[in-house]
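Trainee: The whole structure should be built from the sequences, with the hints applied where relevant.
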Amino acid sequence: SAVISQKPSRDICQRGTSLTIQCQVDSQVTMMFWYRQQPGQSLTLIATANQGSEATYESGFVIDKFPISRPNLTFSTLTVSNMSPEDSSIYLCSVEDNTEQYFGPGTRLTVT
Amino acid sequence: GNSVTQMEGPVTLSEEAFLTINCTYTATGYPSLFWYVQYPGEGLQLLLKATKADDKGSNKGFEATYRKETTSFHLEKGSVQVSDSAVYFCAEGGGTSYGKLTFGQGTILTVHP
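Chains as they are written, first to last, in the numbering used here: chain A, 38 to 149; chain B, 2 to 114.
Bear in mind the hints are in silico, worked out from the structure with no lab data behind them.
Yeah, the Cβ is synthetic: ideal placement off N, Cα and C, and Gly gets one too.
A portion of the hints provided could be inaccurate.
Label pairs and their calculated CB-CB ranges [stated by the list, open to error]:
hint, chain 1, residue 1, chain 2, residue 2, range
1, B, Gly30, A, Thr93, 44 to 50 Å
2, A, Gln78, B, Glu77, 37 to 43 Å
3, B, Ser4, A, Pro142, 22 to 28 Å
Pairs of lysine-lysine, DSSO-like flavour, derived with a Cα cap of 27 Å [what the hints assert, rightly or not]:
hint, chain 1, residue 1, chain 2, residue 2
4, B, Lys78, B, Lys57
5, B, Lys78, B, Lys61
6, B, Lys101, A, Lys102
7, A, Lys44, B, Lys101
8, B, Lys53, B, Lys101
9, B, Lys101, B, Lys69
Mentor: The following block contains the structure:
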């Protein structure tokens with residue numbers, strides 16, 4: 038099974054600033070995914086990140102707001118840009134490994 | 002787009018009670034179906050899954066059967082414990098990638114001694 042770590046685990050940021058979240062996997066995986074869990078709500082897929090190509094964004098999410106990097110098969114970053122209080126959420130990294138889906142512990146972001 | 006609907010929560014039960022959390026989906030074809038659990042302060046964990054019609058997923062005393070005719074995947078446990086208190090998410094994912102999952106809204110379960 039894949040073990041996923043995320044940094045930071047939580048942060049409090051001021052509106053208008055940006056935060057980059059890191060996701061590290063202990064094995065090489067083809068596809069990595071970024072999800073958002075808004076307070077009291079379910080998880081929503083933001084984008085899919087494949088190594089060597091641009092991320093694919095879901096409806097309602099754009100690259101300018103959530104730029105993603107995928108420099109190798111074990112690492113990815115998600116940046117939340119020009120933050121507003123509405124971006125306060127838990128951001129989770131996820132990978133598909135041998136038909137199983139694994140999730141990181143999440144990054145709890147609060148925007149003030 | 003596809004959607005997953007879970008029963009309204011929160012659910013509060015006494016220890017050893019029977020649990021059912023209803024889940025229905027709208028995806029056409031034969032998506033894979035999942036139940037994930039999020040214990041307090043922890044990350045999301047896969048509880049069980051089923052990949053084809055009439056399959057039964059089971060783990061830790063929990064069961065769910067893939068019902069194509071009713072597009073449902075209800076979670077059941079015969080006797081809940083206090084340690085089962087958590088948030089439960091139903092999800093579906095199709096095609097060659099399970100990674101693009103559509104989640105239900107989550108059901109908070111609290112079990113009292």
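Trainee: Decide, hint by hint, whether the structure agrees.
Mentor: Checked hints:
1. B/Gly30 / A/Thr93: 44 to 50 Å: violated, 21 Å
2. A/Gln78 / B/Glu77: 37 to 43 Å: Since A/Gln78 and B/Glu77 have Cβ atoms about 25 Å apart, the given range 37 to 43 Å is violated.
3. B/Ser4 / A/Pro142: 22 to 28 Å: holds, 27 Å
4. B/Lys78 / B/Lys57: holds, 13 Å
5. B/Lys78 / B/Lys61: holds, 9 Å
6. B/Lys101 / A/Lys102: Status holds; Cα separation ~20 Å.
7. A/Lys44 / B/Lys101: holds, 22 Å
8. B/Lys53 / B/Lys101: holds, 17 Å
9. B/Lys101 / B/Lys69: With a Cα-Cα distance of about 20 Å, the restraint between B/Lys101 and B/Lys69 holds, given a limit of 27 Å.
Consistency note: the structure conflicts with the earlier hints numbered 1, 2.
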